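Undergrad: Here are the chains, one letter per residue:
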Amino acid sequence: MKKNILYTFLILLQFSCAKEFTELAPISDRSIQSAYKTATDFEVAVNGTYDALQLSGTYGKYYLVLNEMRSDNVYNGGGSGGIASTLEDIDLFKEIATATELSTSWADSYKGIARCNIILDKIDQSTVTDALKKRYKGEALYIRSLLYYNLAVIFGNIPMQLTYATAVDLTQVPASQIYDQIIKDLIIAEPLLPAKYTLATDVGRVTTGAVTTLLGKVYLTKGDKANAAIALNKVVTSKSYSLVTDYAKLWGAANENGVESIFEVQFKTGGQGEGSGYLEYFAAVLGRSGGAGGGNASMPVTPDMLAAYTSGDLRYTKSIYKNNKLPDTTYVTKYLSTQTTSFDGDNNWVVSRYADVLLMLAEAVGEGTEGYGYINQVRARAGLAAISAATPGTYTEKLLAERRVEFAFENQRWQDLLRLGAAKTVMAKFLSIPTTSVRLVYPIPQKEIDVSNGKIVQNTF
Amino acid sequence: MEKKLHFPNVKFLMKIVRTMKIATFLFLISIQLSAKNFAQQKISLNAQNTNILTVFKQIENQSSYRFFYSNDVLPVNKAISAQFKDAEVDLVLNKILAGLDVRWKILDEKNIVISNNIMSTSNYADSRSMMLADSVITGTVFAAEDGTLLKGVVVLVKGTSIKTATDESGRYQLKIPNLKVTLVYSYVGYTNQEVVPSRYNAFDVRLKLNTKALDDVIVVGYGKQKRREVTGAIASISESQLKEIAVSSFENAIQGKVAGLEISVPSGEPGSAPVIRIRGSASISAGNDPLYVIDGLPISSNTGLQQNIGQRTEAYTVPKMSPFTTINPNDIQSIEVLKDASAAGIYGSRGSNGVIIVTTKKGIKNKKQVSFTGYTGYQDATNLPKLMNSEQLIAYTKDARNNNYLQTNDPTNPLSKTYNASYDPNTNAGRPTATATFLIPEKYVNWDGTNTDWLGLVLSRGKVSNYNVSVSGGKDNLTYYTSAGYYSEQGSIAGSKFDRYTFRTTVIDDISKKLQVGSSLNVAFTDNNRLPANGPYFALPPGIIYDAMVSSPVAKPYLADGTINQTDNQNQWGAYMTTNNNPLATMAAIKENIKNLRVFGNVFAKYNILEDLSFKTYLGIDLDNYQQSYYKGVTLLYRGAAKGDPFAKSSSAQGLNWIWENTLDYSKKVNDHSFALLAGYTAQKQNNELQWIQANSFPDDQVKTISGGIVTGGSAQKEQWTLVSGLARMNYSYKDKYLVSGTIRSDKSSRFGIGNQTGVFPSVSAGWRIDEESFMKNLSFINELKLRTSYGLTGNFQIPNYGAIGLLGNANYIFGNNITTGIGSSTLNNDKLSWESKKQLDIGLDFALFNDRIYGGLDYYRSLTSNLLLNVTVPSSSGFTTALTNIGEVENKGIEFSISTKNIIGKFQWSTDFNISANKNKVLKLGPTGDPILSVGSAGDIRHITRIGDAVGSYYGYQVVGVYQTQDQINAAPKDMLVGAGGARPGDLQFKDVNGDNLITAADRTVLGNYMPDYTYGITNKFRYNNFDLSVFVQGVEGREILNLTQRHLLNGEANLNSYAEFLNRWISATQPGNGKIPRADSNSGLHGYNMRPSSFQVEDGSYVRLRNVTLGYEFPIPKITKKARVYVTATNLFIWSKYLGFNPEVQQQATNNLVPGEDYGAYPISRTFLLGFNLTF
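Going down the list, the protein sequences come from chains D and B. Each step along the first sequence adds one to the number in my numbering, with nothing skipped, and position 311 is 311. Each step along the second sequence adds one to the number in my numbering, with nothing skipped, and position 569 is 569.
In case anyone wonders, no lab produced these hints; they're calculated from the structure. Nothing here was measured: the structure is a model prediction, and the numbers come from that model. Yeah, the Cβ is synthetic: ideal placement off N, Cα and C, and Gly gets one too.
For lysine-lysine, the following BS3-like pairs were computed, each having C-alpha atoms within a straight-line distance of at most 25 Å: (1) D/37 - B/718; (2) D/94 - B/975; (3) B/365 - B/475; (4) D/122 - B/832; (5) B/361 - B/616; (6) B/925 - D/455; (7) B/925 - D/447.
Far from chain D by the CB rule (all over 12 Å, computed), these chain B residues: (8) 82; (9) 188; (10) 416; (11) 529; (12) 858; (13) 986; (14) 1034.
To be clear about the criterion: a stretch of chain D counts as covered by chain B if any three or more of its residues have a C-beta under 8 Å from a C-beta of chain B, and this derived list gives those stretches: (15) 27-35; (16) 39-50; (17) 110-124.
Take these sequences, add in the hints, and give me the full structure.
TA: Below you can see the structure in the form of structure tokens.
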């Protein structure tokens, strides 16, 4: 009893004057309680969704490792020991579920998705003007779709979280269901966004063309060629984009966000944490040494890739440097950059460019004059003769070959192989392994399975 | 490099010695004596081979004579032989004292005085006139400890009522009936002393403090208590124990002195912070540091104000500076360590890691004192590891390359595809050049005789010195203490240097009988030049020590033109050599400085409302300011880079902590019942502000500050925490025999979730003073025997300031080629987040035996920390990977024993202090599912595990069984799924199949030990003979393991850099199997036996015994000018006995990360220090 009186006394004493004294809000960080109310809040929140595309789990690094390095275009340069051994595993379809590349990719993708979700949840109750509301929703929907598209390609069967919540729904849905959702979202987003931004300071934001292009890609991935053709045709007829005359002018800081560019993840050098590491990944030999494991995850060009170029293809020398001296030096030249510190390059990552629209359209319309027409537009720039039905090989083979060299080291190859059903045969042949060893999806990170209490199940291969 | 012992004060000391001689003389002639006529008495004696003293004794026995002399004058031990029969005393003395430089006089029938020749006749005349009446004795009474003159000492002639007291200057004058009386000197707090004034030096007396330990008053939370009434587990360290070891921070001085207080010094860098744990580590994610209360101001170590400005990643961060270097150990009066829930409970949500109370010195009324202390000396790195020399390294490198080549190539079999007629184990002849692991560096094939001792180049002798002056005293109602100090320490790596300047003032005024006010102010400034000595050689900036260890002795430190060699060392040699840095280049290129200005103090007023009731209001303030700068010069070619990468960072931080405390104190004794009550209300707030800015692209090294380069980043941060608390304590005792105490504190802290900000922390304790019971009265040898127990709840609030709030971090992006602000969630909101709570039971026994000649204590405790703060993994589809949650439970239990004995007392004294403590740490619950936490240490692989049933942060990996000797053994062993394509060979390590599935897989990883010691102990032996004192302090740790990550390079068998000499014991062949522990050399073990996987091979025994300190002092006899004068020599870390391969068996790479303790990834060596010092009190 006495004790209770004492307790009460002590506590009363505190509450009498302490409420404001101890309820402190952070000073140098925004908090969830104070954010997502005003137009400025949403502006910076939307900017933050783009930032998710720079993370090492997304386009910053591991989307490249899990797509481009997986393919026959490059292999890992890390060797078999230490940190780089997981990279070799990925290269050889032997990755294990605890690999950092997988867990980081998963976590960072969902981190971006959560940033989009909270905007979509809260923007309707905000004081943001209608015009901006539209744009912000459109941007958030596109970025969420782009992240989900990558997640679906990489892991297949994943949870689909569309609202901001700490108690998450862990039900796994198949990739096709993800694609359906993406299609739904992108159709909503399409009219919300401008074809072009008037202000120079908005260069890099999502346009309606970017939305339509991704929509076309997702239709294709789903196998809905008719709708893909409609979407992609819209991009062509918009006349917003055209091919850059010189393939080499697609690369380098000076040529970023050019006429062919549809959507790029923006990076900038200067020690502000906004630089990219593509120089280190693709041209480690030119990279600056920096810290332990300096140029790790470097991705040397495979001989198979070199052989994929036909003679006279202008793209070869504009994509790859190769000397024939000893020791042999070969590296990708698409991501050269002048930078003072490691992993602080100026190169953007090209997610979509007009050549992709043309070649996807060729894929959507199928073999025929129209299809070859699109392919030949791309070949013409590469200085190559037109092809036709008479050219040896199946249409799919020709498309794949064209896409491989056009988009070499641009994260397209592995997805192309998957979409066009060639992954198993091509990779088995490339690695001299049985087709059964070629995995079409990655293992779900073990950590996610562990923490889900059995709700999330591992992929079968 | 300074080789000479530098001691500038020799001259000064000589002066003091001379002064003292004169003082002795003055003292002697001041003896007030007189004489009158008398008849001489006859003496008979037969002295053979005896001394003067004995003869005098015989004369005194036969007659009424008493001899008066000083030992300084008369060599009483001089051997003599003499024979007398009924001789006049004149004759006897003439004979005995013949040839001695003395004069003597028989003053009367009682007194014979002997003096030196300088004494003038006029003095004799004076003496005589004084002695005409009764004998008058005058003298002075000093405190033995510090020579203070004691006022008010009662001097009583035993058995009579004749007495007097000493005056202001400690002097007294007393008429005595004769010189055969016994005088009793008594003074409060001091031991009574009885003196028969017939002996030399009888008139000046040194009184000793009453050393009955259990009568001491010790400082507890919010008050003081008599030790014998204490019911909690509290250890007290006195000023004298702090003085022994010369260190920058008091924490270092108390290592090994207190049972249950584990202090480890992971880095020997001047000023670096030790790791302090009271009764083990209870927390996994929150802090394990105790709470510090400095003169009533509770502060956390708050190392967050020091920023990581040196480019290093989190795992390689250089250790923090100790924030307590700003407290001058000379100003400390006592340190109390509150260990159990009862003692620490009054600090509520901050008490669960224990509390260290530091109390500084105050002035004492009528005890004016000026003291000047100082020491100076030097220190050298100690316990250096044995590394290979060039010859050994070359042989080993060839072995590694050959083994690698031979694993896949058989040059000896002409039928084999890889037959190689020109194979030569000593050259590269005929080896494929494409495979670097097959190749021997050309520098090794054609060795030019270079044999560089890299460690020797990096390490050098550093000077240490310290000077303090303090003035204290008091008059009437006012006391004061004021001091100034300077401390300077050069590290054993040239260029690292720590300087401290301290000032302190305390004034207390009793304005009236009712009102007392006081204030104290401490101002300290430290200036520390740091070098990146800690961390691996590949960290940025590189770890200097590690670099010196891995550098090949075949490389030259300097090029022919005298510049530092960065272009012709193993970086450039190819042949699978690992790139590192020339440590001399790092030392030259890095400039790092941290300055700390700290001002803290308090004002208080205490009002006695009633006789038994007082009110105290206390305002404390702590202002902490850090300025840091870092510069990496253009000259450093990092790991063989062709070009430097200059970088500068500059930062500052300010912390302001204020506290306002109001307490009511009530104490009452009614018959046999004693009560003491305390109630209080406190509010505290901490404001932190941190800024930093960085720059790159310096064209050269002319300007080393930010302005010399191009600014590339910066940040400014502010944060706060607040705490309001109510507290109460009641102590009750019945007949001073049965003691009960209860404390309660309620804390409301801003750090916790909005829905959960208030916590209540109660504790109770009880004590039974068995010795007070009547049935114990017969056991007179027991002076004290007290049984005590306590139980209570405390908390740990060391969590991030805004840990409960969902924070949004910067998520910037580029639009229009410009950086644009963006944000994104960084942490999850958790309104329920709260303190970790710890329940602790303590049972203890205090005892004192045989007149306090033996006293000590024994404690058993068990604590359970629950609501453990964990960064729990959550499904990433939430957008977060982890969330800070209160889930988990850790147990610590242990015993502590300490004993102090006075083995020999008297003229030769010997006393011993011994303490030992054992603690066992165990995780009981973890997260929602109990899943173990696997932690990646500094080396990038999983090497630690925190799991139920084991200690927090245990080492985790494969267990080594031994070294395979034959192929048959390999064939018979479980198949190792981790070895590379080449497979294991004889000489490779065999790993244990823990789960018995006949395969070695990841499932066979197991716990391999942990950093927490089984027990720690310290033993101090003190000897005193006449004016000499000697103290020997040994301290040790048993049952600690260290994860020696330096083995990954220095014992990896790959020979891609230098190696520990230990690898000479490797398996070379079936006929040269080595010591059975070290595997074979193989330049690509990863592809073959994979010997370097995380395993017990890298876990080493970190037990040690250390001769921590030896001090030999000499105290000058009572001089006139100084009250006390002592000179001493002291040596710290004289020897260490340890099997550990590296420098320091206390090393911890990430001392603040509880999940990965005990890693050695290169550290600043510990030093051995030799000092010469003095204490002077006026």
